[in-house]
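Protein chains in written order, with the numbering used here: chain A, 1 to 157; chain B, 1 to 301.
Take the hints with a grain of salt, since some may be wrong.
[Stated by the list, open to error] With a Cα cut of at most 27 angstroms, we get these calculated DSSO-like pairs of lysine-lysine:
#, chain 1, residue 1, chain 2, residue 2
1, B, Lys284, B, Lys8
2, B, Lys285, A, Lys4
3, B, Lys285, A, Lys3
4, A, Lys7, B, Lys285
5, B, Lys236, A, Lys4
6, B, Lys8, B, Lys236
7, B, Lys141, A, Lys4
8, A, Lys3, B, Lys284
9, B, Lys141, B, Lys92
10, B, Lys141, A, Lys3
11, B, Lys26, A, Lys4
12, B, Lys8, A, Lys3
13, B, Lys236, B, Lys141
14, B, Lys92, A, Lys7
15, A, Lys7, B, Lys8
16, A, Lys4, B, Lys92
17, B, Lys26, B, Lys285
18, B, Lys285, B, Lys141
19, A, Lys7, B, Lys236
20, A, Lys7, B, Lys26
[Unchecked claim] Covered by chain B, per the in silico footprint, the following chain A stretches (three or more residues, Cβ under 8 angstroms):
#, segment
21, 6-19
22, 48-57
23, 62-74
24, 99-108
25, 114-128
26, 140-154
Calculated directly from the structure, the hints in this document are not laboratory data. Don't be surprised by glycine CBs; every beta carbon is placed ideally from N, CA and C.
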Amino acid sequence: MLKKAVKILYTVLIIYALLVATHLGEFWPFSIYPMFSQAGNEWSRSLVHEVGADYQVEDWQVLRSDELPGNVFALDNIGLNQNDLANLIQKNEDWSPRRMQSIRRYFGDYLNDHGFVVYRARGRFADQGSHETVIEFTPYFYLLPDTTILNPKLLDE
Amino acid sequence: MRFEGFFKHLFQFDREETRGGYLLIKLVEVVMAYQVFMYAWSWASYMPLLSEVILPLGLANYINVEFMFEPVFAYANAFVITVLVLIGIIGKWRYSYLVALLFFHLHYVSRYSQGEISHGSNLTAMVLLSFALAYAFFNDKSTQRKVAFGFVIFFTGMGYVSAGMSKLIGSGPVWSDGSHMYLWMGERSIDRLSQDGVFQFNLLQELMFEHWWLSTLILTFGLLVELSGFLLWFRKTRWIQATMLISMHVGIVLTMNIFFGPYIYILLIIGYPWDKLFNRLLDKKPHSELNTLIERRMYAA
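Sequences and hints are given; from them, build the entire structure.
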């Protein structure tokens, strides 16, 4: 009985190790649990600001939080999980019309009469060796009722 | 066999199963099932919002799971998982948990196909796997329960040690430098602001920003507690380690606004000798209907 249980345990551990080793540390529910293991690195998230439906896109400057136009739009309004949008902004490399259409779909009917700016928020230490942190916001795209305007730098990349 | 003493201690085959012990493992099973249901249905309701796979995980690397974004498939899968887990609980089919885990995996890789790698549900699924293996490979009911509990304890402890090791490998001992927390608190402030529309740092967070040593102390505590996860494997240290881990999770809520509820609930159950308390309560009325029911279930073939 004991031998059998131990044999099963070892077998699971071997399968566990093989799967996480060949899938970048994640094969749910097997994981090496790497969350927050990279300390001190710059981070990247997302933030959506609501602007008028007739908002005039001016420029693509990097801004501080007090310079952002409009108001924060809570993703709870559309039932979207922040992690999904933040990861999409961070990891996505395909900014094709199809992908943008997928993103517009998140906002559903809200896009009929609202305009949104989706920012990539980046946090880092102000200077090397400093404890002070800064957060900067890069506009990634504007979602307006009848159009999507992408930051041209994304297309260049 | 190597580590025989350790495994004997882990599985406790030489200890007679008590009514309290039976109740405890059933409680673990019921809580696990509840968590599976919660995930299955909440993910099903979220999936129709998605339209394409952005970062494939697990099986999604090999099959296109975009069909799961159709409400009918998302809800059908949640239904199948629910039924299979219910069959597992009542013990009607020994492989039901194993099959449920496969469908649960499909559910997870569909829901988390947008770039986020969530770890909130890993422990729940590892508990499901523990029961699945015990029921599939052992015939005797009492043995199944002891094996399942041993696996749950082992995988829970291993997960925390792995999390601690990942931090040491990823950043070294300087991981616990308090200024790192400032970056994470900033990151989480944007997450909460984006999700809820409002955010304000709490008193503890303000104090941590003010006092680097406090932030360092809290991170050091978290790292040491994770690295000590193996102490869950031993009966004498289990309750101490469970208390430390629960404290760490409360700390994560207060400092980073991340609530690992399912982990806390499972630790609350497996971390303490509730079986002794249950035995004492059951002994007060030895001829009660509950006692009879438990004994009938314990010795059922």
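For each hint, the structure was consulted:
1. B:Lys284 <-> B:Lys8: 31 angstroms, violated
2. B:Lys285 <-> A:Lys4: Outside the cut-off at roughly 38 angstroms; violated.
3. B:Lys285 <-> A:Lys3: 38 angstroms, violated
4. A:Lys7 <-> B:Lys285: 41 angstroms, violated
5. B:Lys236 <-> A:Lys4: 25 angstroms, holds
6. B:Lys8 <-> B:Lys236: 15 angstroms, holds
7. B:Lys141 <-> A:Lys4: Given that 27 angstroms is the threshold and the Cα spacing comes to 15 angstroms, the pair holds.
8. A:Lys3 <-> B:Lys284: Violated. Lys3 (chain A) to Lys284 (chain B) sits at ~38 angstroms, over the 27 angstroms cutoff.
9. B:Lys141 <-> B:Lys92: 12 angstroms, holds
10. B:Lys141 <-> A:Lys3: 18 angstroms, holds
11. B:Lys26 <-> A:Lys4: Status holds; Cα separation ~23 angstroms.
12. B:Lys8 <-> A:Lys3: This hinted pair holds, its Cα atoms lying about 10 angstroms apart.
13. B:Lys236 <-> B:Lys141: Given pair Lys236 (chain B), Lys141 (chain B) holds - Cα atoms ~26 angstroms apart, limit 27 angstroms.
14. B:Lys92 <-> A:Lys7: Roughly 26 angstroms separates the two Cα atoms, so the pair holds.
15. A:Lys7 <-> B:Lys8: Holds, at roughly 13 angstroms.
16. A:Lys4 <-> B:Lys92: With a Cα-Cα distance of about 23 angstroms, the restraint between Lys4 (chain A) and Lys92 (chain B) holds, given a limit of 27 angstroms.
17. B:Lys26 <-> B:Lys285: Measuring from Cα to Cα gives roughly 20 angstroms; hence the hint holds.
18. B:Lys285 <-> B:Lys141: With Cα atoms ~25 angstroms apart, Lys285 (chain B) and Lys141 (chain B) stay inside 27 angstroms; holds.
19. A:Lys7 <-> B:Lys236: Holds, because 25 angstroms separates the two Cα atoms, which is no more than 27 angstroms.
20. A:Lys7 <-> B:Lys26: This hinted pair holds, its Cα atoms lying about 24 angstroms apart.
21. 6-19: holds (count 4)
22. 48-57: violated (count 1)
23. 62-74: With 3 residues in contact (Cβ-Cβ under 8 angstroms with chain B), the coverage given for the segment 62-74 of chain A holds.
24. 99-108: holds (count 5)
25. 114-128: holds (count 4)
26. 140-154: violated (count 0)
The structure fails to meet hints 1, 2, 3, 4, 8, 22, 26 from the earlier list, while all remaining hints are met.
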